[in-house]
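Let the hints inform the model, and build the full structure from the sequences given.
First residue of the sequence shown: 95, per the working numbering; consecutive thereafter.
No wet-lab data here; the hints were simulated from the structure.
We put the CB at the ideal spot given by N, CA and C, even for glycine.
Some hints could be false.
To be verified - The following label-pair restraints were derived from C-beta to C-beta distances: (1) T174 - V210: 37 to 47 Å; (2) E146 - T97: 27 to 37 Å; (3) R100 - R163: 32 to 42 Å; (4) S102 - S166: 26 to 36 Å.
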Amino acid sequence: MDTATRLSRLIGPLRRAVLRTRRADDGLPDLPEAQIELLRLLAGSKRLTPREAAARLRVAPSTISNLVRTMSGAGLVERTPSSTDLRTVHLSASAAALDMLDRYDRVSTAALRRAVEGLSPRSREAIEHALPALDELLVALEAEEAGG
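See below:
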């Protein structure tokens, strides 16, 4: 099996394992991955319109509308009408959402740290040396996606 196939088969289960890590222990809700991705996008931006969020996440505007409706009701996303165009709203992550993302990151990082520390020294070193290549792979995948 080639490297790309092996990596492709590992990415999904690895991501899901990280997302499941001990959230209930810290009173964190089990949010769908799409909601977490939208929150991360909003946390890294001042304000975005729903259309801008859809474009950045590469999903349909209706998907963003559905996410925003659910997440606004849960107090995670704030909708602010534009001061110049009454048809436009700007989205932002609420303070509660930002706090929750910080807690998610702490819990996930702690779980990853425990798992990595449980590996052999050789495996820990291999992962450490692979990180720059994984960063480069992400850039290459994003460039490919942007190019069509």
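Note to self: Quick check: does the Cβ-Cβ distance between R100 and R163 fall within 32 to 42 Å?
What the structure shows: With a Cβ separation near 39 Å, R100 and R163 satisfy 32 to 42 Å, so the hint holds.
Margin query: Taking the Cβ atom of T174 and the Cβ atom of V210, is their distance within the range 37 to 47 Å?
Written below: Holds, since T174 and V210 (Cβ atoms, about 41 Å apart) stay within the stated range.
Notebook entry, point to check: Does 27 to 37 Å hold as the CB distance between E146 and T97, or does it fail?
Noted result: holds (35 Å)
Check: Is the gap between the beta carbons of S102 and S166 within 26 to 36 Å?
Finding: holds (35 Å)
The earlier numbered hints are all upheld by this structure, with none contradicted.
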